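Chemist: Chains as they are written, first to last, in the working numbering: chain A, 1 to 601; chain B, 602 to 922.
Be aware that one or more of the hints could be misleading.
[To be verified] Keeping only pairs whose Cα atoms sit at most 25 Å apart, straight-line, the calculated PhoX-like set for lysine-lysine is: (1) K832(B) x K784(B); (2) K784(B) x K918(B); (3) K718(B) x K459(A); (4) K380(A) x K917(B); (5) K642(B) x K458(A); (6) K756(B) x K827(B); (7) K880(B) x K818(B); (8) K718(B) x K580(A); (9) K459(A) x K880(B); (10) K806(B) x K577(A); (11) K80(A) x K604(B); (12) K537(A) x K642(B); (13) K730(B) x K380(A); (14) K806(B) x K917(B); (15) K649(B) x K380(A); (16) K874(B) x K459(A); (17) K718(B) x K458(A); (18) K918(B) x K380(A); (19) K577(A) x K918(B); (20) K459(A) x K713(B); (21) K649(B) x K458(A); (22) K730(B) x K577(A); (23) K827(B) x K918(B); (24) K458(A) x K713(B); (25) K875(B) x K667(B).
[Claimed, not checked] What the simulated footprint calls covered on chain A by chain B, stretch by stretch (three residues with Cβ under 8 Å from a Cβ of chain B suffice, anywhere in the stretch; the number is not a length): (26) 121-133; (27) 221-234; (28) 263-275; (29) 336-348; (30) 399-410; (31) 419-426.
Because the hints were derived from the structure by calculation, they are not lab data. All of these numbers come straight from a predicted model, not from anything done at the bench. Cβ atoms here follow ideal geometry from the backbone N, Cα and C, with glycine treated the same way.
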Amino acid sequence: MENHDQQAHEQIHSHEEEHHSESFVSKYIFSFDHKTISRQFLITAVIMAFLAMTMSFLFRLQLAWPGEHFWILNFLLGDKWAPGGVLDPGMYMALVTIHGTIMVFMVLTGGLSGTFSNLLIPYQIGARDMASGFLNMLSYWFFFLSSVIMLSGFLVETGPASGGWTVYPPLSALPQAMDGSKLGMTLWLISMSLFIVSALLGGLNYIVTVINLRTKGMSMTRLPLTVWAFLVTAILGVLSFPVLFSAALLLIFDRSFGTSFYLSDIYIGGQALELSGGSPILYEHLFWFLGHPEVYIIIIPALGITSEIISVNSRKPIFGYRAMIGSIMAIGFLSFIVWGHHMFITGMNPFLGSVFVFTTLLIAIPSAVKAFNYITTLWKGNIQYTPAMLFAIGLVSTFISGGLTGIILADSALDIPVHDTYFVVAHFHIVMGVSAILGMLAGVYHWFPKLFLRHMNKKLGYIHFWGTFISAYGVFFPMHFLGLAGVPRRYYSNSAFPMFDNLVNINVIITCFAILAALVQLVFLFNFFYSMFRGPKSVQNPWNANTLEWTTPMANTHGNWPGALPEVHRWPYDYSKPGKEQDFVPQTVPLAEGEVDGGGH
Amino acid sequence: MVKFLIYVTVILMVFAIGYLVRVFELASSLKGGKSHEVTEKDNRIMSKVMMTFLVAFFAFVIWNLKSYVPVMLPEAASEHGVGLDWLFNFNMAILFTVFTITHIFLFYFSYKYYGRKGNTATYFTHSNKLEMIWTIIPAIVLAIIIIFGLKAWNKITAPASKDAIVIQLYAKQFDWTARYAGKDNELGASNYKLITGENSLGMDKADPKGLDDIIVKNEFHIPVNKEIEFKLNAREVIHSAYFPHFRAQMNCVPGMTTMLHFTPIITTEQMRKKLNNPKFDYILLCNKICGNSHYNMQMTIIVESEADYNAWLAAKKPFFQ
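With the rest of the complex left out, here is chain B (with noise of 0.2 Å):
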């Protein structure tokens, strides 16, 4: 019955559209059918349009940056993410610099010259002059930017140090598991052919240093001011781990082993009080689309002190206990 109530309304709708059609043939025939041609009034109404939307544009923008800043990430919960914000607003300050010079100037000047009858337009091809101006300008800008940028990722992705705690992340459709390494602080081999139920992971119980390897799903806990090192696995497509608080981000690859450290700086507790929402949490999630649950994939990280890390971990027993 709906089906066919819609398949009347659209019939009608043909219709009304043929009508509508008359309608608007019959008025434009009495205007005299220059409904193409562009008039000295049409000119003039476009460019005030024009400036119009250049204050209702940047009125919009403002509007944006003042409801939407509060609610973006709060502060970088990592050592080197306190320096990628620095940097990040830095960009942002010189790219919305230019955002609102070119605007200015793009719809000023579509204001000012609209096409007047009688009016000729200036007869300009080239200037060598101005055209270095800005090719040498944007050029020093971007080796500004391209230094800053890749000081900040040497940095990011130099190697771990020796005494990062070592933790393996293994992603599978559509969950995270945390492999801690143990008090040898080395984990222990893993080979796909050997997972089951039971061992998701594959952990190879021949190897020595894997005895002692602690496995933990749902959450997990890391201490504050440690190096961490992730070691990332996948078990049958690519995910990412993505950790938006830490600005951390690495790719998981079935078939390798990708990397990335960084040293947390505040506690979930701490985080809560700063951000005075006693249910915040950190989070990791997936970012390379995995399937159809990719959307609810995520694990709980809990930093805190280094002896409450300490004493839940203890807690916990070795997977091949």
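The following block holds chain A by itself, in its conformation from the complex (with noise of 0.2 Å):
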């Protein structure tokens, strides 16, 4: 070991001197390098999805206590959006849709693919870099620029868009309906488009890198569930992606060219518009159609990070490897039809709403054998609580809840009552929200070690899930509630009239947690940016896990393997292998005579 390592020092002096001539702009800015870009995406992930969680919290006070004065409104939103500390209505739907927009595109798609995809698929699978780093560069310089661009909204003066995060027609077209859908909405769509770049630049190139660059003995059954998540996510978005860009497309022709492609018999401000013929109900199909592969794309790399830590944290291959890839790529296909559960009641054809019922359904099955196989690797294993495991665990148990209730929504019968509700906002905040972020936090506490080289703090760690999660469940288990009880989602108040009088006191304990959770990030917070620097120096394979970016020296490797490519002899889950002398047998490790790969299928 000793000597390995030795070994491995000197070849990474040999590399540093190589690289010396590099500048420090293409070496931290304009950088090709996967792990580099990989950190760029995360660092911008995190400071993205602060300031959306301070937006929540910003409309969270509305919400608990209406009409209220609170200075930090003032303070943070100025006379204008927020006289006397009083939250003004169209700055609080404007809060609303840039808070959704960027959790949920440049949050959890940008931020955990582009970290996780970009970091794990070369290392996992054995190659020095991506197909093309000069593509993946562009694709988080995309990225950048869209998120610069959608936080602009906010500079100009009638600020952001406005229209909730699905920014539906004529609503996000007419600049008379409201001022969210002025220069705003221009900046929303210009940014979406850039995002949308970014994300097909990325997704090809982690689509070409898996197919091409696998080392010498990855075989496809090799590979570890987090690549094949990865994998399937960047055909979902290469394939979906392209829709959204068109409906954007459209958009801004309606917007700015005088089309009609969403428009039809409209009277806004005082006149009737001389346009016919278009529908927004298109505008709904093309946006969903993308919309729900999203919601997939969100959730996949969460589930293939889980799988992976689960797997190495309970020291135990992980159940069913092969049904897992079966559910992933199930999961991945069948989000392709069924998109219409968006729309039962916008008077499409019933019969097509039982087509998009069944299929939708259908779902729950792949995920459930997901949710059993996650708990059936817990199952006689030797589990190791580092604060990844934690959130592991933490994602299959809002996968569950959240996606439970998903099957009240796919029935279009059941949703009529609770279309648009709170019960939704509940839903899908578990199920792909909570579930997610706990999903990339687990990957964050994981594989730190590989991004910066050094550990987090463990009870840092420990406080910050136990206080995530308890607030998670905090803020979304009463909101059921709301939306049984009929409160419409995108309500600045619900007092303007007695029927919703009684259940103020759900907004005060949702906005208590809600606070609870925004203050355990700042721990998470300062866990990161502190450890980046001083934590403590890991060791190669602080995990004793299997995969092979574990066998890559500690130190920022172009090319990561100094020598020749690992060679793969098995594959990754082998924990507690009867007959081994560890718990644990790297893939690089070659089969013993009469060994048996795999799981033994």
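Quick one: dock chain against chain with the hints and give me the complex.
Modeler: See below:
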């Protein structure tokens, strides 16, 4: 072991010298290196997530104590948007909209896939870098630009887009309809178009890399489930993001060039518009054709990360490796034929609705298989409670509880009374918001040693997990009842008429938990940035894991492995295999004579 | 001045954090700097916290049910709503069972199998039998859910009967207008280009069917135990006609007419008595984001006996008179 380390050290040293010629700009800013790009994505995403969380804190204040004066609102939003510390209704809508957009796209799509696909695909398949470092670099900078433009909505006079993160026309198409449909909406569309470019550049790169650059012996059935998850995610993105692009493009035409793809028979601002033949429903179809795969683009990488972390820390092979691959593929495929369940009450043909009910509920089967397989992986394990493991178990819990309420919403008849109420808000926040965030945080804690060569503090990690997990349920569990009481989402205030007066205390409880959640994230922020520079240095394979990333030296070696690429001889889940000295057998260890590889299929 | 104080506080906080970091580092270096390695003690503590969480979580769930079920919507006030509520409860019973079982397993295993030194996990890679079980059982349960759900869906979305009372609901930023079809029970034609301050629905005077149409704002009445068919239109953006008490909802989309129908079965008076709330009213809400005052776009619905309804309507004048 010592000898090995020393050898590695020498090799790193020689590599460092080789790269002295690299300038600061090419090394840290326009870098082609997958590890640097991964860090860039992660840090940007952490900052964006923090901003989006702050927005949610601001509108939660209004929901719990409507009309109350809060100096913080006035301090952050100024006299225009929070006169006297009371949130302006237009600004409320804008905060809700931008919170949703940032979380869905910038944090959980760009941030999650961008960080972990970039970091882990080359590392875990045994490649020196992504197929195209240049496209990869472009992918990050398009993402960065898109994030900046999204935020810049707060700097224009009429404020950011405020028609909800789905920006349905005609509301989003008509500047007369609300302030948020003016310049802010144009910025939203530009930002989203750039984001799609970034997602496509990244996605194509991930697919090509996984298919072409696997090292010797790394067959598809020896890939870690993380890589499988990233691959399926990238395919979903490449197939569905262009459709959102077309939707956005047509909306840009409708807004700026007088076309009427989505507009028809509209009377607004005292005049009848000469537009006919368009349909807002067309936009909904195009939007949700991306929008539904999108939620799987968010959750599948988190599930992949969880598979890996649960297996490593249970010191057991992931249960049903092939079933896990099969269920990821089934979820991915089905996600393309379920988008109509967002549109049951748009007046679509009821028969078509029935078809979408059927396809949507089918997704519950592979999802159930995944949940049961996680639970079985824990059974008779030797569970090591790293912070990452806690987050992974938390994900299994929220994935189940959020997924179950999805069954109600997928059932068109039952969807009618709860559609667009807080029941939906509770459902999707638990199943994809909280789950994906827990998965992403699990990944951050687990691969922090690979990202920054150091460890995060364990105790702060424990506090962070329990604080986050408890407050996440504290926020979103009572929210179901608001929905069942008939409270529509995106209402600035529930006290404009007496119907919801008996629900005030639910909103107070929710906001209190939201504040707790926000405070706990400060612990994480501190731990994250502090450990990046001053955390204890990590050893090469701190979790005793099998996958290839832990065979690389603890340095930012360009090309990942100083010598030849590793050769793979077995699947990645040989933990606690009988007859072995240690409770893990890295993928690079050749099979013993007569030893059977894999899950014994 | 306040801003200045805030800046000072922020700067002081940065210093405070800096010092905390120093203290924290010194403390961890005294302990030997193993602040990241997981010990058996950590595993044991975390496993106990897992179990505690399970118990606390279910206590929280039960507390939620106890305190919030009473403030949920009252019993369904429409014919199909009663069946829908039953179906909802039936589904919820299944889901709650699954939720309970999976969470007990998840957290119990997390508790029981915490890592101990010298312990080895069981090498258990797959089991076709188990995987078949948890593919087939969910499939059967889902089949039941789908069949019940689609039966209800087909019933609700079937065309309204011919003698249903036709009412148009017209949505605009930010109010509702109801138009009754009058004696012929047929709505007259309308065109958005005819909209004026007076004629806010753009009704076409040339269509004889529209001459007896009646327009009401703020509050509209419907008779109990009669099927009502709503024809929904919107002026400029998408709105959604949401009748929470009647378990009914349909979007209003510019450029097209959408439809929805239901039969109210409890009058406003009866519901007030049942809830012991003399101020209770049925309400129509907008449930699709439609602009800044979206949250305040509502209309009161009065359900009354057919005689009262007829008397109320007879007192109204047709729009073109």
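Chemist: A separate judgement is required for each hint: does it hold in the structure or not?
Modeler: Now for the hints, and whether the structure bears them out:
With a C-alpha separation of about 17 Å, the suggested pairing of K832(B) with K784(B) holds against the 25 Å cut-off. Distance hint between K784(B) and K918(B) is fulfilled; the C-alpha atoms sit about 12 Å from each other, no more than 25 Å. Straight-line distance between C-alpha atoms of K718(B) and K459(A) comes to about 20 Å, which keeps the hinted pair within the 25 Å bound. Restraint check for K380(A) and K917(B): the C-alpha separation of about 75 Å exceeds 25 Å, so the hint is violated.
For the hint pairing K642(B) with K458(A), the CA-to-CA distance comes to about 13 Å; that is within 25 Å, so the pair holds. Distance check on the hinted pair: K756(B) and K827(B) sit about 17 Å apart at the alpha-carbon level, within 25 Å; holds. A threshold of 25 Å between alpha carbons decides the hint, and for K880(B) with K818(B) the separation of about 20 Å falls inside it, so the pair holds. For the hint pairing K718(B) with K580(A), the CA-to-CA distance comes to about 17 Å; that is within 25 Å, so the pair holds.
Of the pairs offered as hints, the one joining K459(A) and K880(B) is violated, with about 54 Å between alpha carbons and a cut-off of 25 Å exceeded. Note on K806(B) and K577(A): the hinted pairing is violated, with a Cα-Cα distance of about 85 Å set against a maximum of 25 Å. In summary, the hint linking K80(A) to K604(B) is supported, as the alpha carbons are separated by about 17 Å, within the 25 Å threshold. Taken as a hint, the K537(A) and K642(B) pair is honoured in the structure, with Cα atoms around 23 Å apart against an allowance of 25 Å.
For the proposed pair K730(B) and K380(A), the alpha carbon gap of about 18 Å is at most 25 Å, so the pair holds. Under the criterion of a C-alpha separation no larger than 25 Å, the hint pairing K806(B) with K917(B) is consistent with the structure, at around 18 Å. Restraint check for K649(B) and K380(A): the C-alpha separation of about 17 Å stays at or below 25 Å, so the hint holds. The hinted pair formed by K874(B) and K459(A) fails the criterion: a straight-line CA distance of about 57 Å is larger than 25 Å.
The hinted pair formed by K718(B) and K458(A) meets the criterion: a straight-line CA distance of about 19 Å does not exceed 25 Å. Annotation: proposed proximity of K918(B) to K380(A) is violated, straight-line Cα distance about 78 Å (limit 25 Å). Our distance criterion of 25 Å between C-alpha atoms is broken by K577(A) and K918(B), whose separation comes to about 86 Å. Proposed proximity of K459(A) and K713(B) is supported: the alpha carbons are some 22 Å apart, at most 25 Å.
Only pairs whose Cα atoms come within 25 Å are accepted, and K649(B) paired with K458(A) is accepted, the gap being roughly 17 Å. With a C-alpha separation of about 22 Å, the suggested pair K730(B) and K577(A) falls inside the 25 Å cut-off, and the hint holds. With a CA separation close to 22 Å, the supplied pair K827(B) and K918(B) stays within the 25 Å bound. Between K458(A) and K713(B), the direct Cα distance comes to roughly 22 Å. Compliance with the 25 Å bound is thereby established for this hinted pair.
A C-alpha spacing of about 20 Å is found between K875(B) and K667(B), which places the hinted pair at or below 25 Å, so the restraint holds. For a cut-off of 8 Å, the count of residues in the region 121-133 of chain A with a CB near a CB of chain B stands at 0, and the three-residue condition is violated. Coverage of a stretch by a chain is defined here by at least three residues with a beta carbon nearer than 8 Å to that chain's beta carbons; for the region 221-234 of chain A and chain B the count is 0, and the condition is violated. Proximity of the region 263-275 of chain A to chain B, defined as three or more residues with a beta carbon under 8 Å from a beta carbon of that chain, is established by the 7 residues found.
For the region 336-348 of chain A, the assignment as covered by chain B holds, since 3 residues bring a beta-carbon within under 8 Å of that chain's beta-carbons and 3 suffice. Figure legend: the region 399-410 of chain A, annotated as covered by chain B; annotation consistent (6 residues with Cβ-Cβ distances under 8 Å, at least 3 required). For the region 419-426 of chain A, the assignment as covered by chain B holds, since 3 residues bring a beta-carbon within under 8 Å of that chain's beta-carbons and 3 suffice.
In this structure, the earlier hints numbered 4, 9, 10, 16, 18, 19, 26 and 27 are contradicted, and the remaining ones agree with it.
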